[in-house]
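Fit chain B to the known structure of chain A by using the hints.
There are 2 protein chains.
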Amino acid sequence: MINIAVLGYGTVGSGIIEVLNTNGDSINKKAGEEINVKYVLDLRDFPGDPVQDKIVHDFNVILSDPEIEIIAEVMGGAEPAYTFVKAALQHKKSVCTSNKELVAKYGPELLEIARQNKRNFLFEASVGGGIPIIRPLNQSLTADEITKITGVLNGTSNYILTKMSKEGMEFKDALKQAQEFGYAERNPDADILGYDSTRKIAILASLAFGMSADYEDIYTEGITKITDKDFLYANSMGLSIKLFAKAEKVDSKFYAMVAPAMIDDNHPLHSVNGVFNGILVNGNVIGDVMFYGSGAGKLPTASAVVADIVDAVKHLNVNIMSHWSSKKLEFTDIRQSKKQFFVRIKGLAKDKLAEVEKAFGKVQLVELDELKDEFGFITSIMTEEAFEEAQNETQGIITRIRIEG
Amino acid sequence: MINIAVLGYGTVGSGIIEVLNTNGDSINKKAGEEINVKYVLDLRDFPGDPVQDKIVHDFNVILSDPEIEIIAEVMGGAEPAYTFVKAALQHKKSVCTSNKELVAKYGPELLEIARQNKRNFLFEASVGGGIPIIRPLNQSLTADEITKITGVLNGTSNYILTKMSKEGMEFKDALKQAQEFGYAERNPDADILGYDSTRKIAILASLAFGMSADYEDIYTEGITKITDKDFLYANSMGLSIKLFAKAEKVDSKFYAMVAPAMIDDNHPLHSVNGVFNGILVNGNVIGDVMFYGSGAGKLPTASAVVADIVDAVKHLNVNIMSHWSSKKLEFTDIRQSKKQFFVRIKGLAKDKLAEVEKAFGKVQLVELDELKDEFGFITSIMTEEAFEEAQNETQGIITRIRIEG
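Residue numbers (my numbering), protein chains in the order written: chain A, 336 to 740; chain B, 336 to 740.
Hints are computed from structural coordinates only; laboratory data are not their basis.
Each hint should be verified, as a subset may be incorrect.
It does not matter which identical chain is meant; a pair holds if it fits inside one copy or across any two.
As the list claims (entries may be wrong) - Result set (BS3-like, lysine-lysine): computed pairs, CA atoms no more than 25 Å apart in a straight line:
| no. | residue 1 | residue 2 |
| --- | --- | --- |
| 1 | 707 | 633 |
| 2 | 693 | 588 |
| 3 | 453 | 364 |
| 4 | 662 | 453 |
| 5 | 673 | 501 |
| 6 | 498 | 440 |
| 7 | 440 | 421 |
| 8 | 584 | 674 |
| 9 | 649 | 364 |
| 10 | 663 | 364 |
| 11 | 662 | 588 |
| 12 | 427 | 373 |
| 13 | 707 | 560 |
| 14 | 588 | 364 |
| 15 | 498 | 560 |
| 16 | 687 | 453 |
| 17 | 584 | 364 |
| 18 | 649 | 427 |
| 19 | 453 | 649 |
| 20 | 440 | 663 |
| 21 | 633 | 483 |
| 22 | 364 | 483 |
| 23 | 633 | 584 |
| 24 | 662 | 364 |
| 25 | 697 | 707 |
| 26 | 483 | 389 |
| 27 | 674 | 483 |
| 28 | 364 | 673 |
So that you can see chain A by itself, here it is in the shape it has in the complex (with noise of 0.2 Å):
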């Protein structure tokens, strides 16, 4: 029998509970081992809950308990789950975490420490809910060399932006449903500012590129300026507009970026709606692959942090995790990255047209008879700095949302 120990029975925690009452036979016949819940942390108490009588309030209880092989993160937050994960490792117990955050911002040390102890740091749940990302990524991609990740990374932003694209909805009705459905939380800064998606690509750069990414020096962009008109004009071209976020390798030079974008019919994540994510990996011998599934939701992430218990339990004093280096990522600024981009102008297409050529050369018109007073185009592959400088010399531009391949 392995002990373990659960911190936090907010809703991934009470789904890991879940999770094991109702797959247990299975699980433990895969992990070749009987799983037992020993500990609940929690500051609050669950009278009548099944776990209350595991419920424990204070974390030295699960420190120093030898029994206690493996602990399950799912707090949130980097205090004080950096340092309670930091000391249940130095005390060679293993960590399966769904926290982003802890893992963005203290991934390569808590790696190390679980690699000197001889135990494992898992996070498959930190990108991308239940769906299998890091695992692939850390085994099954080693044939390649990543030159790309690209992901639908975020389930609260897709699904307003699926609703605005389907339904026409505005933007804050589409939050405010989301809101309703609990896909967005009250205060949905960081799922609509995009920095959820950073975080995560951050993780993926990181393990991708095998150096450690800090999303500070991510460029983020929201969904929060995207309108019911940018949609018209998506919808007219078979374009859909997705909260995009992009690690990449270009000729020795990493970008990275979040923001919307537009991409055609013939992307694969191009059809990922709703709260689904998708992950699409580039590899230069494999090719594109792309992994998809629901990005968040209490079972979904359940799932991924109980398998990596499972994993931990297979591997109790071997380290399997490939351990990112230390050694900072240096993103080149994405001024210097090319791409197309999509631009709403005011006026007329007939009066503006020489104007807009003159600064950005040959465009692509796209008018639509529902929008009188304004015109769109989009522009030959330019960097980004092209395309600020052009912005600046032309009047009325209205957005730009840039279009992805």
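Chain B in isolation, oriented as in the chain A frame:
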């Protein structure tokens, strides 16, 4: 240094050498050892090729060399692959294979021999080419009871169907083009009649349900009867037609089949086009997860074999695959399984609808302006058996295609 041997210097075999040459440094780093190809087994010689010095014609040279720790078997076919692989495992050499026939036919036996010898029998490349699916099923989705696996598992037939759908090509022209581009073999039967998909879904079903699925028990229907007219109907309804491979557990009964199916644009496999493969896994806690990528091709397949080699190096004396039980997975006759059907029938709806609804119950009409002397309809959900009975009572049915949700 770890010495390996490659059995077969065809497409995948030469791909393995190319992948090791291209990404050798990073592969060795991830493996923690330098991987050295000591032998390549082939009946032919390759004068002038860098591998010529490593070519051997006699498998016993490899088998009897104690320096060889791992063997990559990429010859294809049941024999002599089975004899070689069995002997290799008995001689305590791990085996990594891309050979779906071998795995579908001898999987449980070879896994058991590997386990007894504390070596590994790995076969990521046998299903879905480069797509990580075997390892995720084995190691990532361990918290779940898998309830259903559906897949577009054959790139050749999917290429043909995509050409028919997008360009209105007829079957024979699309097949000819696939052969010209090297996507279909001169004898394409295994692909277009569905047998390739059947072997692959048998492997996935065995892993997912932990028992041995015999591919000969699986109902198989190819794509040779699909016509451009079927696509007129499908496109008018926004549906795509895929060669669908499916294995599922419903009320403790197992069903499996390979057959063309219509799916709507909310289905994650809807946009798996061309030579790509997609595999959708449903687990009882994780929900839907999809894996997508190149289902075949020299380098993607070689990438999967090399990733297995890396895993075999990291687990030289540790058995890591869940072995499925040799207990036979008993499939229930698909005549008991339920779904909707799309049917094309000669005549005019106004003349025939009463007869149709007498046999099938209420149906949903699909009439096309282009096709004057026939019409289509969609049945309600019914068993295959009830469908057959109704079909036998009805005159003039041209074809039927299952609809999958």
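Hint by hint, here is what the structure shows:
1. Proximity of residue 707 and residue 633 under a CA criterion of 25 Å is satisfied in neither setting, with 46 Å inside one chain copy and 52 Å between copies.
2. In this assembly of identical chains, the alpha carbons of residue 693 and residue 588 never lie at most 25 Å apart, being 31 Å within a copy and 68 Å across copies at closest.
3. In this homomeric assembly, residue 453 and residue 364 come within 25 Å of each other (Cα to Cα) both inside a single copy, at 24 Å, and across copies, at 19 Å.
4. For a Cα distance limit of 25 Å, the shortest separation of residue 662 from residue 453 inside one copy, 22 Å, qualifies, whereas the shortest one across copies, 37 Å, does not.
5. Taking CA atoms no more than 25 Å apart as the test, residue 673 paired with residue 501 passes in neither setting, with 30 Å inside one copy and 30 Å between copies.
6. Taking CA atoms no more than 25 Å apart as the test, residue 498 paired with residue 440 passes in neither setting, with 32 Å inside one copy and 47 Å between copies.
7. For the identical chains of this complex, residue 440 and residue 421 are intra-copy neighbours only, at 13 Å inside a copy versus 48 Å across copies, given an alpha-carbon limit of 25 Å.
8. In this homomeric assembly, residue 584 and residue 674 come within 25 Å of each other (Cα to Cα) only inside a single copy, at 15 Å, whereas the closest approach across copies is 46 Å.
9. Proximity of residue 649 and residue 364 under a CA criterion of 25 Å is satisfied in both settings, with 11 Å inside one chain copy and 23 Å between copies.
10. Taking identical chains as interchangeable, the C-alpha atoms of residue 663 and residue 364 lie at most 25 Å apart only when they sit on different chains, with a minimum of 19 Å there against 41 Å within one chain.
11. When the C-alpha separation of residue 662 and residue 588 is checked against a cutoff of 25 Å, the pair qualifies only within one copy, where the shortest distance is 15 Å, while the shortest distance between copies is 53 Å.
12. Only within a single protomer do residue 427 and residue 373 lie at most 25 Å apart by alpha-carbon distance; the minimum there is 17 Å, versus 40 Å between protomers.
13. Taking identical chains as interchangeable, the C-alpha atoms of residue 707 and residue 560 lie at most 25 Å apart only when both belong to the same chain, with a minimum of 21 Å there against 50 Å between chains.
14. Only between protomers do residue 588 and residue 364 lie at most 25 Å apart by alpha-carbon distance; the minimum there is 21 Å, versus 46 Å within a single protomer.
15. Taking the shortest Cα distances, residue 498 and residue 560 sit within 25 Å of each other inside one copy (15 Å), while across copies they are farther apart (39 Å).
16. Taking the shortest alpha-carbon separations for residue 687 and residue 453, neither the intra-copy value of 66 Å nor the inter-copy value of 73 Å comes in at or below 25 Å.
17. In the homo-oligomer, the alpha carbons of residue 584 and residue 364 lie at most 25 Å apart only across protomers (19 Å), although the nearest pairing inside one protomer, at 41 Å, exceeds that limit.
18. Taking the closest pair of Cα atoms, residue 649 and residue 427 come within 25 Å of each other both inside a single copy (15 Å) and across two copies (22 Å).
19. Proximity of residue 453 and residue 649 under a CA criterion of 25 Å is satisfied in both settings, with 13 Å inside one chain copy and 15 Å between copies.
20. Taking CA atoms no more than 25 Å apart as the test, residue 440 paired with residue 663 passes inside one copy only; the shortest distance there is 12 Å, against 49 Å between copies.
21. For the identical chains of this complex, residue 633 and residue 483 are inter-copy neighbours only, at 21 Å across copies versus 29 Å inside a copy, given an alpha-carbon limit of 25 Å.
22. Taking the shortest Cα distances, residue 364 and residue 483 sit within 25 Å of each other only across copies (20 Å), while inside one copy they are farther apart (37 Å).
23. For the identical chains of this complex, residue 633 and residue 584 are inter-copy neighbours only, at 24 Å across copies versus 34 Å inside a copy, given an alpha-carbon limit of 25 Å.
24. For a Cα distance limit of 25 Å, the shortest separation of residue 662 from residue 364 across copies, 16 Å, qualifies, whereas the shortest one inside one copy, 40 Å, does not.
25. In this assembly of identical chains, the alpha carbons of residue 697 and residue 707 lie at most 25 Å apart only when taken from the same copy (22 Å versus 47 Å across copies).
26. When the C-alpha separation of residue 483 and residue 389 is checked against a cutoff of 25 Å, the pair qualifies neither within a copy, at 44 Å, nor between copies, at 35 Å.
27. Taking the shortest Cα distances, residue 674 and residue 483 sit within 25 Å of each other inside one copy (15 Å), while across copies they are farther apart (40 Å).
28. Taking the closest pair of Cα atoms, residue 364 and residue 673 never come within 25 Å of each other, the shortest separation being 51 Å inside a single copy and 32 Å across copies.
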